[in-house]
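Trainee: If you follow the hints, you should be able to join the two separate chains into one complex; please do so.
These protein sequence lines map, in sequence, to chains A and B. Taking the numbering used here, I'd label the letters of the first sequence as residues 1 to 241. Taking the numbering used here, I'd label the letters of the second sequence as residues 1 to 79.
FYI, nobody ran anything at the bench for these hints, they're computed from the structure. Each hint should be verified, as a subset may be incorrect.
[Said to hold, decoys possible] Below 30 angstroms or equal to it, Euclidean Cα-Cα: the simulated DSBU-like pairs (lysine-lysine) are:
{"no.": "1", "chain 1": "B", "residue 1": "K11", "chain 2": "A", "residue 2": "K167"}
{"no.": "2", "chain 1": "A", "residue 1": "K198", "chain 2": "A", "residue 2": "K209"}
{"no.": "3", "chain 1": "B", "residue 1": "K11", "chain 2": "A", "residue 2": "K214"}
{"no.": "4", "chain 1": "A", "residue 1": "K198", "chain 2": "B", "residue 2": "K11"}
Values in this document were obtained by computation on a predicted structure and should not be read as measured data.
In case you want the letters, here they are:
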Amino acid sequence: MPVAAIIDATNRNPMHLEGTDLVAKRTNQEWLEALRGPERVQPLADLRAILVRGLRVALAGQPKVTEDDLEDFAQEALLRILAALDSFRGESRFTTWAHKIAIRVALTELRRRRWRDVSLDTLTAGKDADFLPETFADPSAGPEQQAVQQMVLDTLRRAIRQDLTDKQRRALVAVRVHGMPIEEVARRMGTNRNALYKLLHDARQRLQKALIAKGLPPEQVLAAFGMQAEVRDAPTKASKI
Amino acid sequence: MKAELEASELKRLVRDVLGTRSNEIDCDECLRQLDEFVEMTLSGQSAADAMPLVQQHLEQCDCCREEFEALLAVLTSVL
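In isolation and in its complexed conformation, chain B is listed as follows (with noise of 0.2 angstroms):
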């Protein structure tokens, strides 16, 4: 089994411990504000400044990330 992190995982893990603030926002505030995140930026507004919390916490949060991604592919798709 694997027993340390990678050379682009402790990159990851260096950037993601200096880039900690004291004010984030949890995974459900996050959830909560994802749509007009999304939409924002898909319109060709700055979301990441518009909205820096949710900006923040999708770099250091995969499993929102992810969401974020599947969200932006379905609005992007021609449904």
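This is chain A alone, in the form it adopts within the complex (with noise of 0.2 angstroms):
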């Protein structure tokens, strides 16, 4: 029987259900024996059930979840963790593994729905590097702070026009300002999470050399902004790969 009827059997017959209370019990060889073994019926049953009451908590504080939207996620996560069994590496629970994709396929379609709506265009229209505040208003910073803070803006100001492309600006004001998720600018732009990811991260070094080019030591600029030197690897100490 194909794996779709099989987790569809699972779904409409709910005496499968009734063995979810020993699942605790599976090793995780136990877990893979029996999902790639021929009774697949009951262990895929099982880890359903696990995985939708897992979905009922990763989800709780998302508006607009239905039962129904835990099932489809469970469903979804249920035919992936299938076909990427073989890269299971057994460092970590099964289960928790399995919650993992199930949360990855969830949040992922629950990202799109709520910006389905929203244009890139329509977020980016006319921003260059006019997102920056023209001052960063501290009343507690002292003099010196506030000289800090101030190069710090211009540098930046000067870098996303300068230094960065067109695409990184677009991304960046998409990600920061409106706070839109980067899989959903990916979306948009045509690419992927992973390279959406690569495209700001290269952006934030090209920020960072400038903001190192003016010869302020990091700790100065946080402290500066009032944070602490928390950073746990400041750009003199970053390894290369």
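Mentor: Written as structure tokens, this is what we have:
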């Protein structure tokens, strides 16, 4: 029987759900064997139930999620999990790995829905480096700190205008000013989430280079903006691949 | 429509720019290691020290951060 048909059968037959209390007792190896073996109906039903319960928790804070949505996300996740069994390396519990896949499926779809009617062109029209405020209004900062803040702002504004590509600027505005998820920006730019992360990473590197060229120690910049120097890797310490 | 960064967003941009490293991992690589990272976090070990590249990616990427928090919530809850 094809996988989709088996999964569908587990969905229609509530009897299979009775076994779900036993699932915690499966080891990773037992999960893998059960899902690969000839008797897949029960383990699939168990896993489906686990995923639905997990998604209910994972998506508790998300608006407009129905029980049908949870079932659909679990269904899609099951198909992906079965297709990816060989990539499970046993570095976590099997169910943790499975929840991870279900969460990715669900949040990707919810982001798509939430931003469905938003066009990138509308969000980024006419914006170059103008999305940085003229000043960083902070009454608690002393004159020295204000001078550093201003220098950082001016440097960033110039670097955004001169050192970034149009594409990097548009992505930066969409993500930073409007909070659009990078995978939604990627969808609109005809690329994927990984590539968009890399695009923004490259943009950050260019901005970082511009700040470093000003000779301001990162700790001093952070302090001027009221932040602790908790950056794990100051630029001077960053290791090369 | 909102035209510019608010103060908190500007601070975040400054922090993220300064925290940029040459060897960041992408979202797929972060996801690949996320289950291990979350379990380590829950067991009280310092996942950030053991897996600094995942930690750094989660600080930079809101999508991956959201998925991390959701997974943490699932494992923390009594299922």
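Trainee: Would the pair K198(A) and K11(B) pass a check requiring their Cα atoms to be no farther apart than 30 angstroms?
Mentor: holds (21 angstroms)
Trainee: With the threshold set at 30 angstroms, check whether the alpha-carbon distance from K11(B) to K167(A) stays at or below it.
Mentor: holds (23 angstroms)
Trainee: When you check the alpha-carbon spacing of K11(B) and K214(A), does it fall within 30 angstroms?
Mentor: Holds - the C-alpha atoms of K214(A) and K11(B) are around 18 angstroms apart, at most 30 angstroms.
Trainee: If you draw a straight line from the CA of K198(A) to the CA of K209(A), is it 30 angstroms or shorter?
Mentor: holds (16 angstroms)
Comparing the model with each earlier hint shows no violations; every hint is respected.
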